[in-house]
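**Student:** Single-letter residue listing:
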Amino acid sequence: MKSLHILSIVTWVPTLGAIVILALFKKDQSALIKKFATAWFGLAFVASLLLLKYDSAIGGMQFLEDHQWIPVIGARYQMGVDGVAVLLIVLTTLLGVIAALSSWKYIEKREKEYYVLLLLLQTAVVGVFTSMDLFLFYLFFEVSLVPMYFLIGIWGGENRLYAAIKFFLYTLVGSVVMLLGVLKMYFLTQDTALTAQIAPATLNLLAGNQEAAAMVSSSVQLAAQNGTGTFNILRMQAIGSVMPLGAMQVLLFFAFALGFAIKVPMFPFHTWLPDAHVEAPTAGSVILAGILLKLGTYGFFRFNIPMFPAASADEAYFGSFGVRSVMVFLAIVGIIYGALAAMYFVVKKDGDVKKLVAYSSVSSMGIVMLGLFALNPNGLNGAVLHMINHGIYSAALFLLVGIIYERRHTRNVAEFGGLSHVMPGYAAVFLAMVMTAIGLPLLCVFVSEFLSLRGAFEANPIWSAWGALGIILNAAYMLWLYQRMFFGTIDNPKNEKLTDLSGREWAYMAPLVIMSLWIGIYPQPFLNYVARPVNAVVRQVRPTYPIPGMPPAVQTPQRAAVTNQK
Amino acid sequence: MRFPVVPGANLDGVVVRDPQCAVAGELEPAQTPPPYGSEGFNLAHAVESNVHSETLTEWVFILISLAVAGLGIGLGFLFYVKDTSLPEIWAARLRPLYQASYHKYWVDEFYGWAVTRRVMDAARGVYAVDSKVLDGAVNGSAWLTRFSSRVTGLTDQYFVDGLVNAIAAFVIRLMSPLFRAAQTGFTQNYAFVMVLGLVAALGVIFGADIIGWFKH
Numbered sequence: 001m002k003s004l005h006i007l008s009i010v011t012w013v014p015t016l017g018a019i020v021i022l023a024l025f026k027k028d029q030s031a032l033i034k035k036f037a038t039a040w041f042g043l044a045f046v047a048s049l050l051l052l053k054y055d056s057a058i059g060g061m062q063f064l065e066d067h068q069w070i071p072v073i074g075a076r077y078q079m080g081v082d083g084v085a086v087l088l089i090v091l092t093t094l095l096g097v098i099a100a101l102s103s104w105k106y107i108e109k110r111e112k113e114y115y116v117l118l119l120l121l122q123t124a125v126v127g128v129f130t131s132m133d134l135f136l137f138y139l140f141f142e143v144s145l146v147p148m149y150f151l152i153g154i155w156g157g158e159n160r161l162y163a164a165i166k167f168f169l170y171t172l173v174g175s176v177v178m179l180l181g182v183l184k185m186y187f188l189t190q191d192t193a194l195t196a197q198i199a200p201a202t203l204n205l206l207a208g209n210q211e212a213a214a215m216v217s218s219s220v221q222l223a224a225q226n227g228t229g230t231f232n233i234l235r236m237q238a239i240g241s242v243m244p245l246g247a248m249q250v251l252l253f254f255a256f257a258l259g260f261a262i263k264v265p266m267f268p269f270h271t272w273l274p275d276a277h278v279e280a281p282t283a284g285s286v287i288l289a290g291i292l293l294k295l296g297t298y299g300f301f302r303f304n305i306p307m308f309p310a311a312s313a314d315e316a317y318f319g320s321f322g323v324r325s326v327m328v329f330l331a332i333v334g335i336i337y338g339a340l341a342a343m344y345f346v347v348k349k350d351g352d353v354k355k356l357v358a359y360s361s362v363s364s365m366g367i368v369m370l371g372l373f374a375l376n377p378n379g380l381n382g383a384v385l386h387m388i389n390h391g392i393y394s395a396a397l398f399l400l401v402g403i404i405y406e407r408r409h410t411r412n413v414a415e416f417g418g419l420s421h422v423m424p425g426y427a428a429v430f431l432a433m434v435m436t437a438i439g440l441p442l443l444c445v446f447v448s449e450f451l452s453l454r455g456a457f458e459a460n461p462i463w464s465a466w467g468a469l470g471i472i473l474n475a476a477y478m479l480w481l482y483q484r485m486f487f488g489t490i491d492n493p494k495n496e497k498l499t500d501l502s503g504r505e506w507a508y509m510a511p512l513v514i515m516s517l518w519i520g521i522y523p524q525p526f527l528n529y530v531a532r533p534v535n536a537v538v539r540q541v542r543p544t545y546p547i548p549g550m551p552p553a554v555q556t557p558q559r560a561a562v563t564n565q566k
Numbered sequence: 567m568r569f570p571v572v573p574g575a576n577l578d579g580v581v582v583r584d585p586q587c588a589v590a591g592e593l594e595p596a597q598t599p600p601p602y603g604s605e606g607f608n609l610a611h612a613v614e615s616n617v618h619s620e621t622l623t624e625w626v627f628i629l630i631s632l633a634v635a636g637l638g639i640g641l642g643f644l645f646y647v648k649d650t651s652l653p654e655i656w657a658a659r660l661r662p663l664y665q666a667s668y669h670k671y672w673v674d675e676f677y678g679w680a681v682t683r684r685v686m687d688a689a690r691g692v693y694a695v696d697s698k699v700l701d702g703a704v705n706g707s708a709w710l711t712r713f714s715s716r717v718t719g720l721t722d723q724y725f726v727d728g729l730v731n732a733i734a735a736f737v738i739r740l741m742s743p744l745f746r747a748a749q750t751g752f753t754q755n756y757a758f759v760m761v762l763g764l765v766a767a768l769g770v771i772f773g774a775d776i777i778g779w780f781k782h
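In order, the protein sequence lines correspond to chains A and B.
Mapping to our numbering: the first sequence position 474 is 474, numbers consecutive.
Mapping to our numbering: the second sequence position 127 is 693, numbers consecutive.
Hints were generated in silico from the structure; no laboratory data involved.
Computed from a predicted structure; not experimentally measured.
Certain hints may be false.
So the derived list for chain A, only partly shown, Cβ under 10 Å to chain B, looks like this [as the list claims (entries may be wrong)]: (1) W272; (2) I336; (3) A342; (4) F345; (5) V413; (6) I471.
Idealized CB from N, CA, C, for every residue including glycine.
Hey, can you work out the whole structure from these sequences and the hints?
**Tutor:** Following this line, the structure appears as structure tokens:
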């Protein structure tokens, strides 16, 4: 496996495509460029399907790559993915094809630059999921901002510059605070008093298989030879298991959490999101909602929870509440608050549909965060699956809003009504996605919301009750929106001659509908990919939690106080 | 009472309430459930204690149901087939009752007022907070950054750079008379200065050697 470099190929193929477009095509060949770019995205998608060969029976990090990169600071070009990252990568490449295909008519200026930036964005995002080295991760994480900034700033709506700068600066603030945390973690890897306490079993648990564990050991050895620290993510997670719960761990947790919480976005750091979505072109919204938000939740899954396990499970550090209480509180507020804010755009007579979908994302990401901080296998499985599902249905809803915007050049709810009479196919797909968003059984969101809420219920039934309230509110505004747009008579003469979905539009909507049905009816193949990584994370946070087929982990004195909690 | 489960044991007389309990080894002794349920006042019990037969009890209830259904069907026939003016007359006679029934006892209106309207108010309130307070804070911090950058810029322009310019002006004022005085235009003066410079340079370079040579 090691020599095939599948991860590097999946990561860098889009960049290669961007170079080809820059070098071989002229500015005025836009018809050719968009076809070539879409085909290239298709190629990247097919390449990423190789990752589905991930062996979930072995688990842990696979498809490993390890090369020297910047020896003076101990940063290495290390790549590896677990089942969670595999699913997110395949989602990314699938949405890449869809985003390119959906832009054919929508983008009417500077097509060459547009598709180049879209391809570069894909490299950055996939790189985030493939990195096993924190330095490399941080690099991709930051670089992903740049193409998005231009996508919003050049091809966006009226207020695009404000939205683009807000998006860039807001997320930069978070990631710079995170950088301080990264640096501290780097220096902790040189703290031999701390690292000496790491039990080999902990590393094996986190790496998941012998090959990955060997890679970690070799990078630790190399770092020791060169007198540097290491950025290896698994090594840093292992340090987390011996770090005492104190000001340092709590501060580190919040340093990382701020960076990721802004990206997620969690209440109250979400106000960049509606602006960015409203101004972004359709494909930008698709990537933003479908993938970029997941960088935040993935960060919590990969870094915050396993790297600071004591802080993640803590409920008493600030006296009557703890770190976990803060995260759960913000998640729940986000669920209710996002749903109510989304509802405002149907309560108001002339709401913007795109803003509604944007706020519904805030609510949905709250469900993911609630599932993650339930800290049990059900909650985490649900959260990870909800990341995928939200990627499917929010992307689909943004595409659908884009389709009607292309025809009417407005997204104002008051402009529509009775659309089901003239666009039956569009109405059917829209209904399928509205029902997915609500969480109708047999559609994908039902499974993930059920798992998340079941996990939350196990931790604390009241958390689950709040989550359920949010789901009711989501159903209320989604159904209301659908009624206002599609039912009744056509009052607006501009809507009388609208054409239904074209072949190209069907082509990019169909995969999303199929995926929603597939995950809704039989989610097991997807859950198989995430089961072992999720169990490892739960085991890292709660060494004694009973997981079938998994022995209890090594109990360290730093953790004993925490693991007695629920 | 809990019995350990022995494979192949005689389970006569026990009722397994929950199939999973048997796996877990928890069994409960048999209980014959009382007919018609057992808690509180029970109409079936009341009837049965008078007629003393289960079959008869069943028949009593069957007949009552049939009578009620027949009454309903008969009234429906009378009101809506036989004489269609009857519904209006009776609706007028039992006005309040008719209205309450017609409006489903205003349950929908109550929910609409107590739940739907309040949720809509909450949605408006949340959006107002979001756009004014939260986004206001974000834009406020952006304004603060711009403001402090302007203060810094003006300070730099007028104070820091002003200080530099003031020093420069001071130097120019002080030194320019001296330098101006030196610029005489006489070639011999310049030559004299050059010679002085040459002597000084020689002195610096070879001074130590010359002094040493004399001392020797």
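**Student:** Could you work out which of the previously given hints the structure breaks and list their numbers from low to high?
**Tutor:** 5, 6
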